[in-house]
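In terms of the numbering used here, the sequence shown opens at residue 28 and continues consecutively.
Warning: the hint list may mix true and false statements.
Subject to a maximum C-alpha distance of 25 Å in a straight line, what follows is the list of computed SDA-like cross-link-like pairs (lysine to any residue) [as the list claims (entries may be wrong)]:
1) Lys41 to Ala125
2) Lys155 to Val248
3) Lys155 to Thr140
4) Lys155 to Trp212
5) Lys41 to Val204
6) Lys41 to Pro28
Don't read these hints as lab results, they were simulated from the structure.
In this text the structure is predicted, and so the values were computed from the model without any measurement.
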Amino acid sequence: PVNVENVAWVTERKTILSALLFFAALLVYVRARERGSRVPWAGAAVLGAAAMLAKPAAVVLPLVIAAYERWQRPDPRVRLALPLLPISVAASVPTFWAHLAQSIPAESIAPGTLLGTVYPTTVVIWWKYLRLLAWPAGLSAFHDTTLHGWLDAPVIAAVVAWVAAVALVWVRGSREVRFWFAWFWICLLPVSNLLPLNVYYADRYLYAPAVGAFVLLGLAVSRAREALLARGHARAAAVPVAMVAALAVAAG
28 PVNVENVAWV
38 TERKTILSAL
48 LFFAALLVYV
58 RARERGSRVP
68 WAGAAVLGAA
78 AMLAKPAAVV
88 LPLVIAAYER
98 WQRPDPRVRL
108 ALPLLPISVA
118 ASVPTFWAHL
128 AQSIPAESIA
138 PGTLLGTVYP
148 TTVVIWWKYL
158 RLLAWPAGLS
168 AFHDTTLHGW
178 LDAPVIAAVV
188 AWVAAVALVW
198 VRGSREVRFW
208 FAWFWICLLP
218 VSNLLPLNVY
228 YADRYLYAPA
238 VGAFVLLGLA
248 VSRAREALLA
258 RGHARAAAVP
268 VAMVAALAVA
278 AG
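The task is simple: from the sequences and hints, build the whole structure.
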């Protein structure tokens, strides 16, 4: 349900098209690496450039590929993501200037505004996004936002929770968990108000980041089921799957 805007709005065709090309670029890269290609980034560069032309949020492609190399490959070569960086920069610069010229008032990008209001507010919004994924109620085309400073209680709680989550994943998480956790935050970067957006947050911004969250949920359910089966609890092993099915029905 959180992706309704992406598939229902004609103006969001750009997100669907960009995501299709973005995923295709990743698949082409992965298959090229599996075949032992000397330039696995070549096909990904073409598809990635097309994805960025559809929607600039795809500029994070090199970071996702670097994360894949770091945590998903038995022979990690993170440097293979570097040839894709010039394409991302080429897509980012004109978008940056057009955004400043047409959409964002000069006072919104003043250092005092960014550091004093925009960034602390965004930290709280990260958790609002996770709430929308966990329970997609109260969806809206235009969410109201309470502005915060760094010393506000919600911001301090959000920072502490985020640091705790990162520490838990890095200490206890498998390489696969780390990759999909990184996917979520990497894909959220372009809509995290590093450069202020017209709205602080929107349901439609979750289209690509949600993939990482949903895969993590799938891994959790699968591992809970396997653990119960390993302990001889065959009937209980159906419980995690039933819980997710019930959540899907409720969300529907």
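Straight-line alpha-carbon gap lysine 155 to threonine 140, limit 25 Å: Roughly 21 Å separates the two Cα atoms, so the pair holds.
Proposed proximity, valine 204 with lysine 41 (alpha carbon, max 25 Å): violated (29 Å)
Lysine 155 paired with tryptophan 212 [C-alpha distance capped at 25 Å]: holds (14 Å)
Holds or violated: lysine 41 to alanine 125, with C-alpha atoms at most 25 Å apart: holds (17 Å)
Hint consistency between lysine 155 and valine 248 [alpha-carbon to alpha-carbon, up to 25 Å]: At roughly 23 Å apart (the allowed maximum being 25 Å), valine 248 and lysine 155 satisfy the hint.
Hinted pair lysine 41 and proline 28, Cα distance within 25 Å: holds (19 Å)
Violated hint: 5 only; the structure is consistent with all others.
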